[in-house]
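With the hints as a guide, dock the two chains, each given alone in a separate frame, to form the complex.
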Amino acid sequence: MAKKLEKIFNECLERMLQGESIESCLRSYPKEAAELEPLLRTALGFSWRASSLQPSPEFKARVRLRLEGARLYTKQQRQPEKPGLFAWRRGWAFALTAVLVILFTSAGTVAASSDALPDEPLYPVKLATEQTRLTFTFSDAGKAELHARLAENRALEIAAMAREGKIEQAAIITEKLAEHLEEANNAIQKVEITRSEASQFMATPEEAVTTPQATTAPDETPKAPEPEEATTTPEPETPEGKKAEQLRQSLGESTSRSLAALENALEQAPEQAKPALQRAIDTISEKSYKKPQQEPGTGTEEDEGKHKDKHKDETQPTNVEPNKNQSSSQKIKNNSKK
Amino acid sequence: MLSEESLVRQAIDGNQLAFTQLYDEYFNKIYRYIYFRVNSQAEAEDLTQEVFIKALQAIGSYKQREAPFASWLFRIAHNQVIDHVRKQTKQKRAPLEEATAVSVEDPVAITEQKTEVEELTAALKKLPPAQQEVISLRFIAGLHIAEVAKTLGKSEGTIKALQYNGTASLRKILTRKHNG
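Listed in order, the protein sequences are those of chains L and E.
Note that the numbering used here has the first sequence beginning at 1, numbered continuously upward.
Note that the numbering used here has the second sequence beginning at 1, numbered continuously upward.
So that you can see chain E by itself, here it is in the shape it has in the complex (with noise of 0.2 Å):
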């Protein structure tokens, strides 16, 4: 199995393949990330969508000695969702009635899983934007420190400071929500 360097640096050169494979990797992760985001299934969809189509027609610009993959293919969500949250105006979706619960067939099991994604969205939101930003690519994305701080331009020490305070934070939410 080719390593993702190998694999970007192939991508670069126009392998689809390899660009597929790339797309097979970080596909969830990106959906979930701007779900998290956005609050909304279709709008999740649609910059999802985007997010693939402007790394395709950028990977041939990508250098690999700036920063990691992860944190450039990040950094095109990050900027779409910041760009799409500019473009909302008053018009606001319901969000999380269209969530999607997946893979779980049961429409008990779907339900939980609605309220369990609402409760997590709902608790993400009261966190002052920096710390979202880091808790979204580290615990949702599952990205490492190092790529998080190059998406968001900030150092490690930041993140990790951001990241300590953030689970601090997000503790005393789900607590208070849970005790009553």
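Next comes chain L alone, as it looks inside the complex (with noise of 0.2 Å):
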């Protein structure tokens, strides 16, 4: 019987969902009829109900810019494979200035395409020469010095590309800018690894025990704990600590400056390409630098406000709007100093 309901149900709601009324399907089973129509009902109900739901119109226009950019930018990354027009070109550049920085010559053609734009000639050969530097620097807090500042350059170039409307040029080199900075953040982090690897290293036994009786013999009193040591053992300042606490400081003050940059281009840019900038904004936003998650309860008081202001961001939508009070420069740049 049961089954027999379940291939009327599944019949009867294909039949409505081409159109059929379910008044007409009832009447095809006038036995079932009264086991059919909640049923019938429900799932209609549900199906309609849920179509109420919707995504915003913003975020959809958001993600197809974002996909647009993708699209380009895989595009032009393919394209050095292909034998064509700007195969050569790229290939020659990486070439030139491979040669040209390990030589130390670089004072001509490279000194040169330091400030080309993205449609300008020499502008491959800026691309190469900073390939080129990543290529030889080797140490983590190094990169992600390189990365930020590489970030900020695509910014400017951004902000120019907006300004005068190459609305394409401008999604390409937000998808670059997405990557130099999850390039810097992922070298931050590998710093901050170090950073509690050599904390470990450096903490003696005696700190890494917390039952203070045990290291006390039987028949002494045993003494009270100094406050500080009692609740928290603090954590050894290390120079990798350090280096870490600057990198993350220079990013944030560096995604101040190019957040800065976009929103100024994003007063004087042609409407069409405000989108792009409002993305490159939204991306920087998105990337800043955060701090890995720390399990309550084992950090600082301190570092438990912090985590405490970080989740609260995490909560707020990712896009950052222009007008609200604060700007996405000054936000930054607050969540840097804290």
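Treat each hint with caution, since some may be false.
Said to hold, decoys possible - Partial pick of chain L residues on the chain E-facing surface, computed with a CB cut under 7 Å:
hint: 1; residue: A33
hint: 2; residue: F46
hint: 3; residue: Q54
Calculated directly from the structure, the hints in this document are not laboratory data.
Using N, Cα and C, we set each Cβ at its ideal position, and we do this for glycine too.
Now the structure itself:
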């Protein structure tokens, strides 16, 4: 019986999804109608009520722009693999600049390319120079600094392209900007990991053990521990720790400058270029440095406070609207100071 | 107007316009499906964006003969949701406070819509996982039985049984809620 009802229900549902009315379906199965009707109404009602949920048009437009940027970027990345007009240009640029950098004779072409914009002939030389520098930067701290600087360069290029109404170029560079910020964050995190490993290494066994009684002889009156020692073990200041802090601050300052440049361009750019600029601003806000999450209760009070602030930030929408009281650059700056 | 099949073929060949049309067709469905699975607007937006970026990157390797486009796309969404749920640890955001009740300007209507979405999500969550999947893909995303079967890698007969049992359970849950 249940199997039969299941079959009828599925058939009726299909018919109704094709446009047939519920009454018409029920007329076909008068014996089962009483059981069938509430089930069909539940299915259709659920479907109809769920369809009231829609994404916002702004979000839809934002993703569309992001897809366009991703597509153009992928296309551009693939281009050198194909033998064509531009393939030799990039290969030539990389080979030439690699030689120039290796021989430290970078004065001419390389210097001239440093201010090149994406629509200029020397731009591939600029990118190849940057790539070579990245290749020959071995430390995580150095990589973080370089990626932060390159991200800032990309932001300035986006602003310049948007002012000229070159939306496609701006979208491509935004993807590159996102990559640099991600790489900078990864490098800082590696420095952070080195810091925590160094801290563990520097901690003495006495500091690591949290039961002072265990180290006291049975006949001795246990001394009350010093307040600081009793509650928290201060993290030993290591050169890596200081460096990570500096890098975080430096990246924060760099992203603030980038945001300021983009917000400035937003006021001057033609209307059609504004979504591309907004996308770049959103990208910076999304990819800005976030301190690795700490388990509640494992950090100092100060750290816990920061953690709470971070959580509060994460629950906010990721897009930054330029008309808010505080600009994106100010927010990033404030975060980096925390 | 081009059929979905030829749009997909063109998108595979790198035609951006064709991909954009497919995006327009599926965007809301994917968003809705993800929203009801993760219960958070911010997370649904992130995951929806990821689904389309992944689809754009992988469209070149999609084989039309193996599965309908909708199944392929929802398979990506399904995997994204599974990965997300796995990664999600103790820190769970308060759901539905941030739910979008959209295209309605009236604050009363927005509140009603939020309550409605909340009620549906809560009812859905009470179903066994397999029924949740089928109900989401069928009634929220609007896929056909064959597409749901391909998405979940199950037979059409199994999907029909899960659809029937899921609807019967939903009815009981919603009736119980309305009766007090």
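Right, here's what the structure says about each hint:
1. At about 15 Å, the closest approach between the beta carbon of A33 (chain L) and any beta carbon in chain E exceeds 7 Å, and the interface hint on this residue is violated.
2. Checking F46 (chain L) against chain E by beta carbon gives a least distance of about 5 Å; that is within 7 Å, so the hint holds.
3. The closest approach between the C-beta of Q54 (chain L) and any C-beta of chain E is roughly 4 Å, which is under the 7 Å cut-off, so the hint is satisfied.
Comparing the model with each numbered hint stated earlier shows that hint 1 is the single one that does not hold.
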